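A.B. asks: In case you want the letters, here they are:
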Amino acid sequence: MSAVPTTLPSAAIQRSLSHTLAIYAKETKYDFLGRLRLPVYSISTVMFPVMFYVLFGLLLNRGHEVGGVNVAAYMIATYGTFGVMGASLFGFGVGLAMERGLGWLQVKRASPMPPFAYFAAKVVTCMAFSAIIVVLLMTLGVLFGGVHFSGAEALKLLATLVVGSVCFCAMGLAIGSFAGPNSAPAIVNLLYLPMSFASGLWIPIELLPKFLQRFAPMLPPFHLGQLALGVVGAGQGVPLQHWEALIGFALLCLGIARIGFQRDERASG
Amino acid sequence: MIAEIHIPQSRPGKRRSEAVVARLTNVSKNYGEIRALRRVALDVHAGEVVAVLGPNGAGKTTAVKLLLGLVAANWGRVSVFGGDPRNAENRMRTGAMLQVGRVPETLRVREHIDLFSSYYPNPLPMAEVLQASGLQGLDKRPFGELSGGQKQRLLFALAICGNPDLLFLDEPTVGLDVEARRVLWDEIRRLVARGKTVLLTTHYLQEADALADRIVVINQGAIIAEGTPSDIKARTAGRQIRCGSSLPIAAICSIPGVLEVRSDRDAFVIRAADAESVVRELLIRDPYVSGLEVTSAGLEEAFLALTQDNHQPEASRRVS
Chain A
1 MSAVPTTLPS
11 AAIQRSLSHT
21 LAIYAKETKY
31 DFLGRLRLPV
41 YSISTVMFPV
51 MFYVLFGLLL
61 NRGHEVGGVN
71 VAAYMIATYG
81 TFGVMGASLF
91 GFGVGLAMER
101 GLGWLQVKRA
111 SPMPPFAYFA
121 AKVVTCMAFS
131 AIIVVLLMTL
141 GVLFGGVHFS
151 GAEALKLLAT
161 LVVGSVCFCA
171 MGLAIGSFAG
181 PNSAPAIVNL
191 LYLPMSFASG
201 LWIPIELLPK
211 FLQRFAPMLP
221 PFHLGQLALG
231 VVGAGQGVPL
241 QHWEALIGFA
251 LLCLGIARIG
261 FQRDERASG
Chain W
270 MIAEIHIPQS
280 RPGKRRSEAV
290 VARLTNVSKN
300 YGEIRALRRV
310 ALDVHAGEVV
320 AVLGPNGAGK
330 TTAVKLLLGL
340 VAANWGRVSV
350 FGGDPRNAEN
360 RMRTGAMLQV
370 GRVPETLRVR
380 EHIDLFSSYY
390 PNPLPMAEVL
400 QASGLQGLDK
410 RPFGELSGGQ
420 KQRLLFALAI
430 CGNPDLLFLD
440 EPTVGLDVEA
450 RRVLWDEIRR
460 LVARGKTVLL
470 TTHYLQEADA
480 LADRIVVINQ
490 GAIIAEGTPS
500 DIKARTAGRQ
510 IRCGSSLPIA
520 AICSIPGVLE
530 VRSDRDAFVI
540 RAADAESVVR
550 ELLIRDPYVS
560 GLEVTSAGLE
570 EAFLALTQDN
580 HQPEASRRVS
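Quick note, the sequences are listed as chains A and W, same order.
In terms of the working numbering, the first sequence is residues 1 to 269.
In terms of the working numbering, the second sequence is residues 270 to 589.
Mixed in with the good hints, there may be bad ones.
Unchecked claim - Going by beta-carbon spacing under 8 Å, a handful of chain W positions derived as facing chain A:
1) 340
2) 341
3) 360
4) 361
5) 365
6) 367
7) 368
8) 370
9) 371
10) 373
11) 375
12) 380
13) 443
14) 444
15) 561
To be clear, the hints were calculated from the coordinates, so they are not data collected in a lab.
All values derive from a computational prediction rather than experimental measurement.
C-beta: ideal position from N, C-alpha, C; glycine also.
Kindly generate the complete structure, drawing on both the sequences and the hints.
C.D. replies: Written out as structure tokens, the structure reads:
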């Protein structure tokens, strides 16, 4: 029993940049793997937009045109928006609410994990699922809907939707920083489904009642939908303004999330 | 193990250095109206095991969360390794086991450990972590398929995998069976033998007695007693005498050295600091004493006495 207590001098340890990057990579890898193995997330977020697209974009409205373009192309944009929104809201919002509410986030916070790595991993995971959804829709559209994309168009649509999905990660962050683990899925659905409908993601905006058409620009999915439609040639408005709306909404959500986390620090046990 | 020879004042681990690695200075913490901690002062020295003992809701977990920088104190100062517990360098030297409702269930044991190990500069090898936490052979199992005890062991594995100098274990053996608890105790002793410092909370008195160099008893947010396990036991009622007697209860109370008397069915239970002198006096005063039994008051009794006393300050206890 001759062990001597080891007390290292403080400030002896500094993490190198490559070590920090390795942590970010690992955090992301395991966040993605964890979600992929969770069928309630991975199957439902991917299958719902794909199913709707096949039904409404490829089968029921075959040969129709909306906004001057083939309905199969139009609905890649709208169901693509619907899909990335779901992947982000459920992935970020519900995921965070669970981990926050059940104590796991505290274990992570008590560890030397760089705090931002946790959020960055979640954003990248959601973006990866968003990309999977968009690529699936485009593939189906090209193979079975007679949609034609140039390589640049395909990339632009993918990039628009995946980058735009970050706005819904921010919305998920705001929800997840307030909602409890049990109520989060219900809250997300209550926002997600009506917003999708009113933004013209299910039924083209041109076919919605007038008062909804006027109300739609209040909703962030409308703006991302219009940006995506712009790529396939059926967009309304100025792209820059849509981006501004999305960025503004994301910043608002970050502010709300900040309040939520501060509340946690004061109140929770 | 030579250390098993009993030299007064030298439990294994008593070799504590003067270096304070974690400290609460007059800390108060409120959650809204609830006063979770009231002016608590606590020092943890390098190389020692401190057990924070108390009933549920006493404020044990709050003390740990303050020392981990997860919640901020309303009053007072919290320091770890002489600095803010939230410093990245401090966190790299600290491991924590908290009470968790659920962990991402689809990740495997090995993956959880791999991720947490990556946060630290000098983590332990995977095989060593699995062995120390008793998870050998379970490394490919998803968290969701582990039993309650195995889940608890994984949380322990995450606390130790970074080879930290300071460990916070909040109720580490909750939900473990007797065997698994022993294994964990052995592991904690091994960590201390390697020079680690441990602060653990528990409401198992036996656990505090078995592991700690020092016990801090906490109740309703305040520290009500502090000392070595034997100090704590000595502070309340050295021993307990049980016997039948024809004397009235008041007469027994008047015997010098009697701390407390209560009647239990057809016998009296007497708590006494110096049992021998009380028994001698009792036998002189009452020739009809029957069924005499002397037992040492365990930590359990000591703890109950301490915490109950806090509820009833007017109780008849008289401890010097």
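A.B. asks: Hint by hint, note whether the structure agrees.
C.D. replies: Hints and how they fare:
1. 340: holds (6 Å)
2. 341: Interface hint status for residue 341(W): holds (6 Å vs cutoff 8 Å).
3. 360: Since the shortest Cβ distance to chain A is 4 Å, the answer is holds.
4. 361: At 4 Å from the nearest chain A Cβ, residue 361(W) passes the 8 Å test, so the hint holds.
5. 365: Because about 4 Å separates residue 365(W) from the closest Cβ in chain A, which is inside the 8 Å limit, the hint holds.
6. 367: holds (5 Å)
7. 368: Hint on residue 368(W): holds, closest Cβ of chain A at ~7 Å, below 8 Å.
8. 370: For residue 370(W), the interface hint holds, since the closest Cβ of chain A sits about 3 Å away, which is under 8 Å.
9. 371: holds (4 Å)
10. 373: Status holds, d = 5 Å.
11. 375: With a minimum Cβ separation of about 4 Å from chain A (threshold 8 Å), the hint on residue 375(W) holds.
12. 380: Holds, about 6 Å.
13. 443: This hint is violated: residue 443(W) lies away from chain A, its Cβ roughly 13 Å from the closest one there, beyond 8 Å.
14. 444: Violated. Min distance 14 Å.
15. 561: Interface hint status for residue 561(W): violated (41 Å vs cutoff 8 Å).
When held up to the earlier numbered hints, the structure conflicts with 13, 14, 15 and fits the remainder.
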